[in-house]
Amino acid sequence: MPARPATSQPAPQGGAAPRPGSAPAAGNSQRMDVRLENVTKSYGPVTAVDDLSLVIESGEFFSLLGSSGCGKTTTLSMVGGFQEPTSGHIYLGGTDVSRLPPYKRDVNTVFQSYALFPHLTVAENVAFGLKRKKVPKSEIESRVAEMMRLVDLKGFENRKPALLSGGQQQRVALARALVNRPKLLLLDEPLGALDLKLRKQMQIELKRIQVEVGITFLYVTHDQEEAIVMSDRLAVMSKGKIEQVGPPSEVYDRPATEFVAGFLGASNMMWGEVSGQAGDYVAVKLDGGAVLQVPAAAAEGHGTRLRLGVRPEKISVLPVSEPAREGWNTLEGTVTLSVYTGIGHQYTIRDAAGHEFAAYVQNSEAARGPDRGEAVRIAWRPEHTFVVAPEQG
Amino acid sequence: MSDPVSVRRLGRGAAPYLLSLPSWAYLAAFFIIPLVSMLSMSLAKGNPLVGYAFAWNFAEFGKAVTQYNTQLIRSFWYGALSTFITLVITYPVAYWIAFYGGKHKGTFLFLILLPFFVSFVIRTLAWQFILSDQGLLLGTLKALHLLPKTTYVLSTPAAVVGGLVYNSVAYYILPLYVALEKVDRRVVRAAGDLYASPSATFWKVILPLSAPGIFAGFLLVFVTNVGDFVNAAVLGGPGTRMIGNIIQYNFFDAQNYPMAAALSSILMFLLILAIYLYARVFGAEQIQEYAA
Ligand SMILES: Nc1ncnc2c1ncn2[C@@H]1O[C@H](COP(=O)(O)OP(=O)(O)O)[C@@H](O)[C@H]1O
Ligand SMILES: [Mg+2]
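Order-wise, the sequence lines are chains A and B. Residues 1 to 393 (the working numbering) make up the first sequence, in order. Residues 1 to 292 (the working numbering) make up the second sequence, in order.
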């Protein structure tokens, strides 16, 4: 990505200078839009958000992904101003907003429940924020009309929310927030109440709208697929902490922790000991005895005892009659389970050491796959092996 | 054809009507029959000695309006004023309990309703005792020379309206509380998110969403207060007589039943008109919509 010229940045304000050591590493060439610094939120003995630091860049579609109760809503509420952090700071466009009430922040929210005003029409709902900001009437009208077009709700202006479908209400909630042209839009599981088909449709729609308006989206979801499909970058959260931040492909291909490897997609995890190095690869002797090649860059910094992983769809299931593939990591085993999934097969294969592997194979090959009980070879490219920080405890 | 299946179907279709029969019977016995008899009595002719007979006699209506228009107007004025004052007093209390009552909402409501477990008449008489010229309040203040000896409160409009307000508190606070309790807190939060200050949130969101409670309370309190006679009788004087007192006088003392019935009919008609106007101005359709 080309670096923007530093001169185009607004002069940093007094209180906004990053404190040494506390600012997370970020692309400093980008204008910072949202910055959370060591933010903690406790409810009595419960720590909902634990010393969380995060930078979201301007115009990004950023997702917070994590299972229920990991602190996503709490994080979003603090950015929106509905909750005050117990400690730490939140900056929007360089200004410390940690203690500002919601109505004084340039942020709008799309709530999971939509929270539309039941006594107002669709158009009045959308105009609500502009009226509070005392925008001239003619401008309100044109901006509301523009929004109705953007979310494809023309002709519904005078309806009450109760007379709309779930998907339409969702779009009113989106329009009502976007019409204010906030610096940042917060979305808390906005598609959670929709059925699967509508959800898929709205994912694409939301992404289209985000690209069109260019506003930063901070999106909360527990649905890993949704986060992968929509986000420019995502953060995987667990127990109030961020496990990993990065573009979806990077987080998926190179999960940093065992939690991420298991939460974002499925992973086959193994323990092994570094036994040697050759060029860009280190040799790792698995606890089961087999030796794998692992990218040296991936193993770096993890010591000699490694927690390794490989994604099920990266694994090829080959007949033992075929010669082993040159340079691939190869293990021998027996198929213990074969499940037909429509687009392919899902195999469970037990290796000689009794370790079980999952493998997803698409039905693109003409030959039919192995049966249960058949001896097979499983193989994957060494670069598809990743190394994670092992789960604590 | 009356095969068993279709007979059963008929039975099932008729079930809701059969089940509602007791309600219809109740309505007929205690609402429609008294209403018809009141209306027919208002058109009757005669005197207390010989009795009254139905006669299409509309004269009582004319007399009622010319003789008692002062009391009619006064009743509506006192009724409207006391309803409005009650609303202004109870709304903040109901609001506070609904939004900030926390775990003790029930306790607060109970404490507010507690005085109303005492009989209506006793409570009103207690006010007479408190407000009388040498009573608990004025007597003490006069003894301390904080008020001139000639000050009085009883038999003034303020005493009557005050009594009406006091006696209405329970009837207004309950519907207001229920309506405010029902206001979706997430919607209130959304208003804050959309740059509404706390006061804008109140005027633009909370107040309109609590309209059903305001209307329900208005119905209960206004209708009761316009027709009330106890407060005027106990706390008021000759200058504060309300239409309820006149009806009571005509019915029990003068035994002029046609006049009492005509006045009641006029009162009923005017009340329906007032409620209709309220609903027109504030939008009954909206009121029902939120209530649903
Ligand atoms: N108002 C609150 N009072 C007490 N505990 C809370 C409150 N809100 C959230 N929590 C707790 O904080 C943790 C994180 O909650 P939340 O942010 O809602 O998670 P998520 O949105 O990821 O599901 C949970 O353990 C939850 O029980
Ligand atoms: Mg949540």
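No wet-lab data here; the hints were simulated from the structure. Where a beta carbon is used, it is the ideal one built from N, C-alpha and C, also for glycine. Possibly wrong hints are sitting among the right ones.
Within a straight-line C-alpha distance of at most 20 angstroms, the following computed DMTMM-like cross-link-like pairs (lysine to aspartate or glutamate) qualify [as the list claims (entries may be wrong)]:
{"id": "1", "chain 1": "B", "residue 1": "K204", "chain 2": "A", "residue 2": "E124"}
{"id": "2", "chain 1": "A", "residue 1": "K183", "chain 2": "A", "residue 2": "E258"}
{"id": "3", "chain 1": "B", "residue 1": "K204", "chain 2": "A", "residue 2": "E141"}
{"id": "4", "chain 1": "A", "residue 1": "K314", "chain 2": "A", "residue 2": "E258"}
{"id": "5", "chain 1": "A", "residue 1": "K160", "chain 2": "B", "residue 2": "D133"}
Facing chain B, a subset of chain A residues (Cβ under 8 angstroms, in silico) [what the hints assert, rightly or not]:
{"id": "6", "residue": "F82"}
{"id": "7", "residue": "Y103"}
{"id": "8", "residue": "N108"}
{"id": "9", "residue": "A115"}
{"id": "10", "residue": "H119"}
{"id": "11", "residue": "K133"}
{"id": "12", "residue": "P136"}
{"id": "13", "residue": "K137"}
{"id": "14", "residue": "P248"}
{"id": "15", "residue": "Y252"}
{"id": "16", "residue": "R254"}
Here's how the hints hold up against the structure:
1. B:K204 to A:E124: holds, 11 angstroms
2. A:K183 to A:E258: violated, 35 angstroms
3. B:K204 to A:E141: It holds: about 19 angstroms lies between the C-alpha atoms, which stays within 20 angstroms.
4. A:K314 to A:E258: Holds. K314 (chain A) to E258 (chain A) sits at ~18 angstroms (cutoff 20 angstroms).
5. A:K160 to B:D133: violated, 57 angstroms
6. F82: holds, 6 angstroms
7. Y103: Interface hint status for Y103 (chain A): holds (5 angstroms vs cutoff 8 angstroms).
8. N108: Where the cut-off is 8 angstroms and the nearest Cβ of chain B is about 6 angstroms from N108 (chain A), the hint holds.
9. A115: A115 (chain A) check passes; min Cβ-Cβ to chain B is 4 angstroms, inside 8 angstroms.
10. H119: holds, 5 angstroms
11. K133: holds, 5 angstroms
12. P136: Violated, about 16 angstroms.
13. K137: violated, 16 angstroms
14. P248: violated, 28 angstroms
15. Y252: Check failed: Cβ of Y252 (chain A) comes no nearer than 33 angstroms to chain B, outside 8 angstroms.
16. R254: Hint on R254 (chain A): violated, closest Cβ of chain B at ~37 angstroms, above 8 angstroms.
Hints 2, 5, 12, 13, 14, 15 and 16 from the list above are not met by this structure, while the remaining hints are.
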